[in-house]
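Kindly generate the complete structure, drawing on both the sequences and the hints.
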Amino acid sequence: MPQTLGLHHARALGLLMTVAALCVVAGAEFVAMWSPDTFYPSEALAKVDSLSTYCPSLRGTRADTRIFVFEGRDPGPTLLVLGGTHPNEPAGFIAATLLLERLTIQTGRCLIIPQACASGFTGTDPLEGSPQTFSLVTGSGTRRFRFGGRAANVVDQWPDPMVYLHYPSGQQLSGNETRNLNRAYPGRPDGSLTERTAFAIVTLITREHVDVAVDLHEAAPEIPIINAIVTHEKGRELAANAVLNLEFEDLQYSLELSPTNFRGLSHREWGDCTRVIPFLMETSNPIQGRLRGRTSEELLVSGVDPWYRIAERLGTMRITYDPGGESLSRRVARHLQGLRALIDAYNEQHPDSSFTLEGLPAYTTLIHEGVERYLR
Amino acid sequence: MLHWIYIVLAVYCAGLLVAELFTEKRWREQIALALVLVPLVLRILQVK
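If you read the protein sequences in the order shown, they are chains A and B. The first sequence maps to residues 1 to 376 in our numbering. The second sequence maps to residues 1001 to 1048 in our numbering.
Because the hints were derived from the structure by calculation, they are not lab data. Mixed in with the good hints there might be a few duds.
[What the hints assert, rightly or not] Calculated from the model, a selection of chain A residues having no Cβ within reach of chain B, i.e. all distances over 10 Å:
hint, residue
1, L45
2, P131
3, N245
4, Q349
5, T364
[As the list claims (entries may be wrong)] Covered stretches of chain B, as calculated for chain A (at least 3 residues, CB under 8 Å):
hint, segment
6, 1015-1023
7, 1030-1042
Using N, Cα and C, we set each Cβ at its ideal position, and we do this for glycine too.
Below, the structure written as structure tokens:
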């Protein structure tokens, strides 16, 4: 008896067409995340370079990212600022963006990489319910910025091993950390995409004779290292001076020393492998926390979360959360004020070779007027 | 290399799912098969 098409065959065909339609709709959303964000650098911009200059095998990959180079009239030290090492920590990325759009510089050089882990900006973390983008109304209209995942996109680096072995120490971490840029330093030129990105940054630090490097991060309010400046042994005195000066301004930053046995982090490996004095700064960001409520664009920008308010009031956990909210403006202001304090401390130690970065809003002004007021 | 081995595995699994979709007669099972197919197709296309 010849086989005829049954009802279940017709249903299978219909379902296949539905699958195709779902793939087109979902795929279009994912592909939209591949478009790079737009920046409007200040007049002090000397040139725009790319990370692949320092590791050619990154060219053409989604890990290649822009480096904005600002140069003063007079020679001086070189500062490197990294945002977006973790693309789900928007204050670091926006602080770097504000810096590159407002900066004026008299002496020295400033290199800014606003999206250090560019691949991570092309996708969000699974099961987090994160928004893909967030909007800020600036003077030039509504600007949309991507909100990515913590690490490089699995589409660019896949599969993850069961155990991540850090190169060269052999330290063992969970397999998904293989895509975490801040566990990959110093990296290697023939390694994974993340290791090559880390290698390019370390090569840049060496080749460009960077004197001070700052990596801007955020963390959940319940994480102990929050509102903090983390530094390598060689930056201890400088960071202590900066924290003291910030205390005089009524701003509390804790000073943390980079552990010598936790490998792969910027503040450890940059300091060990190069001549740079490295720092990492953290702010308190409720959208990353486990206690958070609705994971929305509003929470990302306002930082107001009712569940963190309750947790803070109950006092059963060590939580660094302001009941008024940890707004994006406030978190960006903390990063910029911390950066300013580090530069001032460096200048005190090096009066013959100092930075003069200007054009940035004061801490309270930035909070009151909002970060969007200072983005172009 | 491992990346491409995984892509080949994903193509193989997707092929099995499509074959099963056409032999399966219970509509609930067919819907479940179609749902599993979506992420596999997106991964094969290297979109997600």
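Violations among the numbered hints, reported as their numbers in ascending order: none
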